[in-house]
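Visitor: Take these sequences, add in the hints, and give me the full structure.
Chains as they are written, first to last, in this note's numbering: chain A, 1 to 95; chain B, 1 to 254; chain C, 1 to 291.
Worth flagging that the hints you see were computed from the coordinates, not collected in a lab. Watch out, some of these pointers could steer you wrong.
[As the list claims (entries may be wrong)] Ranges of calculated distance between the beta carbons of each label pair, as one might list FRET restraints:
(1) C:Ser189 with B:Gln75: 23 to 31 Å
(2) B:Gly32 with A:Glu58: 37 to 45 Å
(3) B:Asn178 with C:Glu176: 35 to 43 Å
(4) C:Glu176 with A:Arg77: 44 to 52 Å
(5) C:Glu176 with A:Met89: 47 to 55 Å
(6) A:Met89 with B:Glu254: 18 to 26 Å
(7) B:Ile117 with C:Gly58: 31 to 39 Å
(8) B:Gln75 with A:Gly12: 29 to 37 Å
Yeah, the Cβ is synthetic: ideal placement off N, Cα and C, and Gly gets one too.
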Amino acid sequence: MIANYGYKDGSGDYFIAIDTDKCDGCGDCTSACPNGVFVVGEDANDPLRDEPVAMVSEDQRKKLKYTCAPCKPDRNRPPLPCVQACEPMAISHSW
Amino acid sequence: MITAGIDIGAKTIKVVLGQDGKVLAKRLVPAGLDTAAATQRALDEALADGGLSKEQVDRFRATGTGRKDCALTDQEITEVGAAAKGILHVFKSCRTVIDVGAEEGRTVRCDGNGKVIDFAYNEKCAAGAGTFAEGMARALQVPLEELGPLSLKSERTVQMNAQCAVFAESEVVTLIHNKTPREDIARAVLDAVASRIISMVRKVGFEKDIALIGGMALNPGFVAAMKRGLETDVYVPEDPEYIGALGAALAAAE
Amino acid sequence: MEEKKEFWRWKEYRWHDEGSDWKDADIVSTGVDIGSVSSQAVILLDGKLYAFSNQRTGFDSPESANQAISWAMEGTGMTLKNIHYTVGTGYGRVNVPFADRALTEIACHARGGNLMYGPSVRTILDMGGQDCKAIRCDERGKVEAFLMNDKCAAGTGRGMEVFADLLSVPIEEVGELSLSVQEEPPPVSSTCVVFAKSEASGLLREGWPKNKVLAAYCAAMAHRVVTLLERIEVQKDFAITGGIAKNSGVVKRLERELGLESLKSAYDSQIAGALGAALFAQALETKRRKQ
Numbered sequence: 001m002i003a004n005y006g007y008k009d010g011s012g013d014y015f016i017a018i019d020t021d022k023c024d025g026c027g028d029c030t031s032a033c034p035n036g037v038f039v040v041g042e043d044a045n046d047p048l049r050d051e052p053v054a055m056v057s058e059d060q061r062k063k064l065k066y067t068c069a070p071c072k073p074d075r076n077r078p079p080l081p082c083v084q085a086c087e088p089m090a091i092s093h094s095w
Numbered sequence: 001m002i003t004a005g006i007d008i009g010a011k012t013i014k015v016v017l018g019q020d021g022k023v024l025a026k027r028l029v030p031a032g033l034d035t036a037a038a039t040q041r042a043l044d045e046a047l048a049d050g051g052l053s054k055e056q057v058d059r060f061r062a063t064g065t066g067r068k069d070c071a072l073t074d075q076e077i078t079e080v081g082a083a084a085k086g087i088l089h090v091f092k093s094c095r096t097v098i099d100v101g102a103e104e105g106r107t108v109r110c111d112g113n114g115k116v117i118d119f120a121y122n123e124k125c126a127a128g129a130g131t132f133a134e135g136m137a138r139a140l141q142v143p144l145e146e147l148g149p150l151s152l153k154s155e156r157t158v159q160m161n162a163q164c165a166v167f168a169e170s171e172v173v174t175l176i177h178n179k180t181p182r183e184d185i186a187r188a189v190l191d192a193v194a195s196r197i198i199s200m201v202r203k204v205g206f207e208k209d210i211a212l213i214g215g216m217a218l219n220p221g222f223v224a225a226m227k228r229g230l231e232t233d234v235y236v237p238e239d240p241e242y243i244g245a246l247g248a249a250l251a252a253a254e
Numbered sequence: 001m002e003e004k005k006e007f008w009r010w011k012e013y014r015w016h017d018e019g020s021d022w023k024d025a026d027i028v029s030t031g032v033d034i035g036s037v038s039s040q041a042v043i044l045l046d047g048k049l050y051a052f053s054n055q056r057t058g059f060d061s062p063e064s065a066n067q068a069i070s071w072a073m074e075g076t077g078m079t080l081k082n083i084h085y086t087v088g089t090g091y092g093r094v095n096v097p098f099a100d101r102a103l104t105e106i107a108c109h110a111r112g113g114n115l116m117y118g119p120s121v122r123t124i125l126d127m128g129g130q131d132c133k134a135i136r137c138d139e140r141g142k143v144e145a146f147l148m149n150d151k152c153a154a155g156t157g158r159g160m161e162v163f164a165d166l167l168s169v170p171i172e173e174v175g176e177l178s179l180s181v182q183e184e185p186p187p188v189s190s191t192c193v194v195f196a197k198s199e200a201s202g203l204l205r206e207g208w209p210k211n212k213v214l215a216a217y218c219a220a221m222a223h224r225v226v227t228l229l230e231r232i233e234v235q236k237d238f239a240i241t242g243g244i245a246k247n248s249g250v251v252k253r254l255e256r257e258l259g260l261e262s263l264k265s266a267y268d269s270q271i272a273g274a275l276g277a278a279l280f281a282q283a284l285e286t287k288r289r290k291q
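Guide: Here it is, written out as structure tokens:
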């Protein structure tokens, strides 16, 4: 399942996509992210899934443009810590 | 040389008439539905205030969201440029100016000569600017001018879940219904706008001294929220809503 | 004091099948969907629809849940004790006091949509009161991809309510009225409801008739939703659930832009979430009994 967390508002599209088929719930993203964007827990979207899955936290879900801003400077953007930390490459950003 | 700076904002039109670095007259008029008419009116009233006629104005320069459609002149300066020029004229040590209007917020880093080094915008979403506060004042049933003073009575932080001006109005209604004190709600609203502006400011970074201009700078609760969030002092010049137009008038004189 | 007419208010209603008897059922399962704007309760007897209710959510989620289920049970002689398993869903799902489990609206809308529109449905758009969800599912109603936007009012029922109020048109009439234009006007350019509202006020003062302004807003909303759908890649068959499915002005323009017709259902579009929840409840109770 491709879970897209985030939003679109007048100023743009800000989505983080997590491929839950690839995610094994290891939690590396939660340590890599400096702003608490990710949490790992029971998949409330898939009642049949037993293993934990990474999700975007409820606190940050509607503020991603601002929360992720420190990792996304306008110039010379380095690779994103969360994307780099995820070995199965389950995480991607839309902006 | 007498110059006229015209700041055509989303909600209000500001005109500043200047000569040799001094303000001769200034005027603010609601933009209403006919921006061109409002602009003309603002200019006419400013001229009358200064005892001047239109012919005495040597140069015009327009800024603000409506600057490209200004019938009075085709000479423009960006809002970012105007903010930097304007603030340095009244506050020489300023290196970061934050301009929060009705529909847009912007942050500008400049050097001691008013040259723009970097900037960022919060645009196209009402939650990032003054309109958010306006809607909430309505939901709280207080006049907009009283929202700030009301918020200053609060001593605690209440988190708002809604990140949208429309949803926040419903949330305010729920908070009122749940007997949350109105001053706490007012403060939560201003904290929310401030946090969105501050995120934008942090993205570009800031250097002291910091100034706050634009219509929202007139709101003492918002200024307090900005100081709290930035954890540093923020200077609000006199007539903060005119700084853009002032900058345009100064640019025209160059 | 003059009473202000509430143009955003839609009719609340309930229904139950008088020809069925819940006492004969092996499993009585319930789904309760507490949304930020509306709440629904659905009761199934062995997986078949028996009763439902649809009403505006109050200030208190647990209270809304209690009211939703009571109203669904009205006239049936049922009480909470007769229900074997309840799944709560929606924004207020953790606040359904009598629920055995809480599942997200994403999972429930896919499952509910699969029953309401048939196993051929692959893409479901749900425009709720304060959110907009795009879901892609398989033939069993299992979610393959989803997106939910609940940060911004544009593309949600609230956005439409703001316009209904602005134009003093009862929300249930917005769709038809918007389709009564001779020629499609350009959409309002802002994708922010607040800015679109200012733009619309300007258009009204320029002399635009109400139906033209509504057409422009429905078109803007439809276009915005299409861009969200594109993120999860639309596949046919396509269906629309939620309150906005009843707004022909948005539905027709959406279908036009997607080049796809949306499936119709005999079930009420607003109960998709609660229906899916009730189906999960039935499956979970069956599983529980086997253990």
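Visitor: At the C-beta level, are Gly32 (chain B) and Glu58 (chain A) separated by a distance inside 37 to 45 Å?
Guide: Taking Cβ atoms as reference, Gly32 (chain B) and Glu58 (chain A) lie about 42 Å apart, which means the hint holds.
Visitor: Is the hinted range of 29 to 37 Å satisfied by the C-beta distance from Gln75 (chain B) to Gly12 (chain A)?
Guide: holds (31 Å)
Visitor: Is 23 to 31 Å a correct range for the gap between the Cβ atoms of Ser189 (chain C) and Gln75 (chain B)?
Guide: For Ser189 (chain C) and Gln75 (chain B) the Cβ distance comes to about 27 Å; the hint holds.
Visitor: For the hint 31 to 39 Å, verify it against the beta carbon of Ile117 (chain B) and that of Gly58 (chain C).
Guide: Violated: the Cβ-Cβ distance is about 52 Å, outside 31 to 39 Å.
Visitor: In this structure, is the beta-carbon distance linking Glu176 (chain C) and Arg77 (chain A) contained in 44 to 52 Å?
Guide: holds (49 Å)
Visitor: Range first: 47 to 55 Å. Now tell me if the beta carbons of Glu176 (chain C) and Met89 (chain A) are that far apart.
Guide: Hint holds: Cβ distance 49 Å, inside 47 to 55 Å.
Visitor: Cβ-Cβ distance between Asn178 (chain B) and Glu176 (chain C): within 35 to 43 Å?
Guide: Holds - the Cβ-Cβ distance for Asn178 (chain B) and Glu176 (chain C), about 38 Å, lies within 35 to 43 Å.
Visitor: Taking 18 to 26 Å as the stated bounds, is the beta-carbon spacing between Met89 (chain A) and Glu254 (chain B) within them?
Guide: violated (54 Å)
Violated hints, in rising order: 6, 7; the structure is consistent with all others.
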